[in-house]
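Residues in the sequence shown are numbered consecutively from 192, following the working numbering.
Calculated from the structure, these hints are not laboratory results. Please note: incorrect hints may appear among the correct ones.
[Stated by the list, open to error] Under the rule of at most 20 Å between Cα atoms (straight-line distance), these lysine to any residue pairs were calculated in the SDA-like manner:
id, residue 1, residue 2
1, K254, R197
2, K340, F582
3, K341, M421
4, K384, Q342
5, K546, L626
6, K341, W331
7, K581, V299
8, K239, I208
9, K341, L418
10, K340, R419
11, K581, N596
12, K202, D243
13, K318, F222
14, K340, M421
All values reported here derive from a predicted model rather than from experimental measurement.
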Amino acid sequence: MDQSHRDILKKNRTFIIDSIANPIEVAERLFERDIFTEGMRQEIEAQKTPNDKVRKIIDTVPKRGPRAFGIFLEVLHATDNTDLAARLSGSGMGDGHSRGVAIPQEDVALPTEWPSEAHMTAPIEVKPCNVYGDQVRTQWRNPNVYNMKKQIRGRCFIISNKMFYATELDEKGVARSKLGTRYGTEKDVEDLKKLFQQLHFQVDVKKDLKKDEMSTALFQESSNMSLRDMECYVCVICSHGTREGIYGTDGGVITLEEVTSYFDGQHCPYLMQKPKLFFIQACQGDQVDRTSGQTGDLGQDLSTLSRQFKKSVSIKDGCQPDAGPEPPRPQVFVEPTDRTDAVMGNTEERSVPSKQDMLVACATHPDFVSFRNEQFGSWFIQAVIYVFQKFAATESILDLLTLVNRLVAIGRTSTDRGLLAPRDATQCARFESSLTKKLLFFPGVVDDN
Numbered sequence: 192m193d194q195s196h197r198d199i200l201k202k203n204r205t206f207i208i209d210s211i212a213n214p215i216e217v218a219e220r221l222f223e224r225d226i227f228t229e230g231m232r233q234e235i236e237a238q239k240t241p242n243d244k245v246r247k248i249i250d251t252v253p254k255r256g257p258r259a260f261g262i263f264l265e266v267l268h269a270t271d272n273t274d275l276a277a278r279l280s281g282s283g284m285g286d287g288h289s290r291g292v293a294i295p296q297e298d299v300a301l302p303t304e305w306p307s308e309a310h311m312t313a314p315i316e317v318k319p320c321n322v323y324g325d326q327v328r329t330q331w332r333n334p335n336v337y338n339m340k341k342q343i344r345g346r347c348f349i350i351s352n353k354m355f356y357a358t359e360l361d362e363k364g365v366a367r368s369k370l371g372t373r374y375g376t377e378k379d380v381e382d383l384k385k386l387f388q389q390l391h392f393q394v395d396v397k398k399d400l401k402k403d404e405m406s407t408a409l410f411q412e413s414s415n416m417s418l419r420d421m422e423c424y425v426c427v428i429c430s431h432g433t434r435e436g437i438y439g440t441d442g443g444v445i446t447l448e449e450v451t452s453y454f455d456g457q458h459c460p461y462l463m464q465k466p467k468l469f470f471i472q473a474c475q476g477d478q479v480d481r482t483s484g485q486t487g488d489l490g491q492d493l494s495t496l497s498r499q500f501k502k503s504v505s506i507k508d509g510c511q512p513d514a515g516p517e518p519p520r521p522q523v524f525v526e527p528t529d530r531t532d533a534v535m536g537n538t539e540e541r542s543v544p545s546k547q548d549m550l551v552a553c554a555t556h557p558d559f560v561s562f563r564n565e566q567f568g569s570w571f572i573q574a575v576i577y578v579f580q581k582f583a584a585t586e587s588i589l590d591l592l593t594l595v596n597r598l599v600a601i602g603r604t605s606t607d608r609g610l611l612a613p614r615d616a617t618q619c620a621r622f623e624s625s626l627t628k629k630l631l632f633f634p635g636v637v638d639d640n
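All chains, please: the whole structure from these sequences, using the hints.
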């Protein structure tokens, strides 16, 4: 901390001691922001009187580096000590009056590279809320916030399709697999289970369902009477997809409109006025998004690129489509690979209807592919897992998914497999919401009643 900030604290020492009525909360916030150590926090709490606690805080802050003063002001704002923060911000201006000073905010700590093996294989540990913090105090019983208080908040239902047996004839009349095996989806499922269990959800998984079996399973879910006692519902579907919808293992397609309709107010009264969240890991077309600095046709679809592919190449953690016969190439050792969940060919457009208290988050935009690493999981699902475990304790669902979009957009394929899977192919996730209240997960906080 520089000398000017030390002088501000010294000049206003008496006023600070008289103004802070919640020193324990201030110390907790400074501990959360890594300004105080655990030992410092405990030492402050051990002081006998509130004034002694404040004295210990303002004696310790100047010793905690150049970031300490700015974060101290942020903590004062967050703990309803706004007037004090304004006074300290305006101190030393020389005109005898306080005036607003913008406090620089720290950037959100997201990985600089994605997908990152280190982040996609780290243990799933959801950071819990600070029970005594400002968010719980002001939002826990706020009527503008959805109820998320029970030991079991709701149900998380996951459909994961890995093995497909739909076939089609190639130009020579030979039957070939229409949809490739989705290696890596099992990693997504296991991580999703750990994430939502720590977010207080009951998790159930169905694997390798045909189109009609998917419809039946979703209908049974929406008819489950236990939903009456749930505060929230989550549905995750991981499969191949096209612009029209999501593939079953038999090649049949269920539309996103059908998926959400099972849980709307008309068909599922148990979930009326409760948040219903849908996460869809599937392609919505066959176009490959590219970084803006690339040359050539950025919007070429994979079928065109496949026809242009003339030579065999070895691959290492590259990208390739999951559908249609590939050009012949020699046998090579293949390390974990990012694949798409797309199928060749476009189909008619289907819109996603707006339904109250629903949120739909998709791995990609209409017409574009999404990527999945064969060992570490899909970019989108793993981004959800990373962001939610780090920030669900402090951010709303809309802010969380904005961070997910940002993280997925960082993603780049790491090798060049020729035109079929170009280097720097990218992905952009999206979400649509008709939620009518703020949704916070409050991990680790449970209503005793």
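Evaluated hints:
1. K254 with R197: 10 Å, holds
2. K340 with F582: 18 Å, holds
3. K341 with M421: Cα-Cα ~9 Å, so holds.
4. K384 with Q342: 16 Å, holds
5. K546 with L626: Distance ~9 Å between K546 and L626 Cα, so the pair holds.
6. K341 with W331: Roughly 12 Å between the alpha carbons, so the hint for K341 and W331 holds.
7. K581 with V299: With Cα atoms ~10 Å apart, K581 and V299 stay inside 20 Å; holds.
8. K239 with I208: 14 Å, holds
9. K341 with L418: 13 Å, holds
10. K340 with R419: 15 Å, holds
11. K581 with N596: With Cα atoms ~15 Å apart, K581 and N596 stay inside 20 Å; holds.
12. K202 with D243: Given that 20 Å is the threshold and the Cα spacing comes to 18 Å, the pair holds.
13. K318 with F222: 14 Å, holds
14. K340 with M421: 10 Å, holds
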